[in-house]
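Asker: Sequence:
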Amino acid sequence: MALFSGHQHSIITFFSIILLVFLEGVTAATFTFINKCDYTVWPGILANPGSPKLESTGFELTKGSSRSFQAPTGWAGRFWGRTGCNFDDSGHGLCATGDCGSGEMECNGAGAIPPATLAEFTLGSGSQDFYDVSLVDGYNLPMIVEGSGGSGECATTGCLTDLNKKCPSELKIDGGAACKSACDAFGKPEYCCSGAYNSPTACKPSMYSQVFKSACPKSYSYAFDDATSTFTCSGADYAITFCPNVPSLKSSKDPAAAKATGSDPDSDPVQASALASQWLANLATGDSTEIRPFSLIRFGFAITIFLVLSFLL
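Okay, so the sequence shown: first residue is 1 according to the numbering used here, each after it adds one.
Hints should not be assumed to be uniformly reliable.
Simulated restraints on C-beta separations [stated by the list, open to error]: (1) PRO189 x SER65: 15 to 23 Å; (2) SER66 x SER151: 18 to 26 Å; (3) ALA196 x SER66: 21 to 29 Å; (4) THR73 x GLY195: 18 to 26 Å; (5) LYS165 x LYS63: 19 to 27 Å; (6) LYS165 x THR228: 17 to 25 Å; (7) ASP226 x THR32: 36 to 44 Å; (8) THR32 x ASN86: 20 to 28 Å; (9) ASP226 x PHE87: 15 to 23 Å; (10) PRO189 x ASN86: 30 to 38 Å; (11) TYR39 x GLY91: 27 to 35 Å; (12) ASP226 x GLU55: 26 to 34 Å.
Source of the hints: derived by calculation from the structure; they are not laboratory data.
From the three backbone atoms N, C-alpha and C, an ideal C-beta is built for every residue, glycine too.
Let's have the full structure, built from the sequences with the hints guiding it.
Answerer: Here you go:
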């Protein structure tokens with residue numbers, strides 16, 4: 001009987017360890033970076049103070065490639081894409097946009113120099129993840145965030161429009177490779193929501209932030225643009241896609257119809273923005289995206305282990 005009890009105890013201990021491992025997997029998130037641009041992108045990663053560094057803080061992502069990283073529960077930080085980079089064999093160099101100022105491919109704790117499109121995350125805050133795509137520091141390339149395998153709202157967000165083509169001349173950087181925010185361009189408190197304007201009631205959308213918002217309605221356009229720009233999900237993995245394909249923009253572009261109506265989605269900002277917003281909405285409701293079941297499988301496995309333990313006890 002004692003032998004059986006010891007054997008039973010060993011089994012319970014073994015399954016308990018497995019249960020803990022899988023529960024840890026359920027609460028962590030996988031970030032997958034996908035490059036659908038026609039050029040190489042060098043993603044940058046900055047962890048917030050108190051959050052651990054991920055496997056890399058900056059890397060090369062060639063056209064059509066992807067790379068994934070694990071992040072623990074409670075991790076918070078931001079991602080962005082650097083463009084026009086030139087690094088030597090030792091990893092030293094600079095980027096035309098989104099450079100982090102480290103002088104290296106790895107950002108090593110340095111953030112993006114504006115202008116840059118940002119994806120911001122806080123994982124597992126009150127059991128929920130919070131995320132957004134921000135244009136507060138300007139814009140340099142299209143980017144979306146898609147959650148998969150989670151529960152809750154889990155809406156897709158991002159900016160599909162090429163704002164570099166619509167950027168007001170006073171916000172353009174040399175060559176038109178990126179578009180500054182009004183705060184970065186002019187440094188005025190009313191644009192930066194600083195000083196006397198450091199509150200939602202005092203800092204209102206400017207004509208420049210409204211340009212950003214109309215083109216990218218789900219992205220942060222200025223500091224207090226919270227209501228329509230922050231999203232939540234629980235237990236999800238996330239894909240960060242640079243230059244995402246927009247099927248509706250392509251499929252709805254009928255050359256004959258465009259010629260007959262004089263309307264072309266690629267040249268009509270209003271129509272292009274509307275189509276992009278519709279595509280994001282379809283993604284959010286599951287009409288245009290596939291939910292990966294891995295997190296649910298892990299959870300199901302954990303429940304199975306729990307039932308086995310209950311039976312043994």
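Asker: Does each hint hold? Answer for all of them.
Answerer: Tested hints:
no., hint, verdict
1, PRO189 x SER65: 15 to 23 Å, "violated, 42 Å"
2, SER66 x SER151: 18 to 26 Å, "holds, 24 Å"
3, ALA196 x SER66: 21 to 29 Å, "violated, 45 Å"
4, THR73 x GLY195: 18 to 26 Å, "violated, 36 Å"
5, LYS165 x LYS63: 19 to 27 Å, "holds, 20 Å"
6, LYS165 x THR228: 17 to 25 Å, "holds, 23 Å"
7, ASP226 x THR32: 36 to 44 Å, "violated, 26 Å"
8, THR32 x ASN86: 20 to 28 Å, "holds, 26 Å"
9, ASP226 x PHE87: 15 to 23 Å, "violated, 37 Å"
10, PRO189 x ASN86: 30 to 38 Å, "holds, 36 Å"
11, TYR39 x GLY91: 27 to 35 Å, "violated, 19 Å"
12, ASP226 x GLU55: 26 to 34 Å, "holds, 31 Å"
Checked against the numbered hints above, the structure breaks hints 1, 3, 4, 7, 9 and 11 and satisfies the rest.
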